[in-house]
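> Chain by chain, the residues:
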Amino acid sequence: KAGVTQTPRYLIKTRGQQVTLSCSPISGHRSVSWYQQTPGQGLQFLFEYFSETQRNKGNFPGRFSGRQFSNSRSEMNVSTLELGDSALYLCASHPDNSGNTIYFGEGSWLTVV
Amino acid sequence: AQSVTQLGSHVSVSEGALVLLRCNYSSSVPPYLFWYVQYPNQGLQLLLKYTSAATLVKGINGFEAEFKKSETSFHLTKPSAHMSDAAEYFCAVSESGGANSKLTFGKGITLSVRP
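Those sequence lines, one after another, are chains B and A. Taking my numbering, the leading residue of the first sequence gets 1, the next gets one more, and so forth. Taking my numbering, the leading residue of the second sequence gets 1, the next gets one more, and so forth.
Hint data in this document are derived by calculation from the structure and do not stem from the laboratory.
Restricting the straight-line Cα-Cα distance to at most 25 Å, the calculated cross-link-like pairs of lysine to aspartate or glutamate (DMTMM-like) are:
hint	chain 1	residue 1	chain 2	residue 2
1	A	K58	B	D96
2	A	K107	B	E82
3	B	K57	B	E106
4	A	K107	A	E71
5	A	K107	A	D85
6	A	K107	B	E106
7	A	K58	A	E15
8	A	K58	A	D85
9	B	K57	A	E95
10	A	K107	A	E64
11	B	K13	B	E75
12	A	K58	A	E88
Whenever a hint applies, use it, and build me the whole structure from the sequences.
See below:
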């Protein structure tokens, strides 16, 4: 069974640009969530999508957005990039049953210069 | 609101020694608790989880953790450290009782293993 797949793995962007990251969840998992990991703030929850609807949202500015498609694949977008957005962005998928394990992908490393 | 406290940012042990990584949580509802491990330049891998079944939870790679409600703790242990255990370890909590995949993580602890 394939795991959570994130693309691209590494990317470099310039301040002011926007970026789109993609996540394919484990087959059969309908919930996808995103986390940002930085050395200073640690792992922080961005948002969660289920059945193409945002079900939960963390405390991030509106520049961070996401969406989920009918096949459960998800994308997140960051607009008007700032240097502080440099981070590892992790996607996680969940079968959406209470207590089930949340599986993480390898992450997308974003560097903003 | 949920929170997780992992005391100390770095733990160093000798190979073969006991590993003890501490985690205390705060939750207004019965929690689900998790330990994840992250190797350099990789994502998070689940070590073990507590979901109100048994209080002593056994995970992969010889790790285990004990849920102690009275102490609001979920400490991770391994009887004998191996060089391959060197990594960063995260404790996380989520709310039980529903399909909730929002995890609140601790700051993480870097484990070093000396030869």
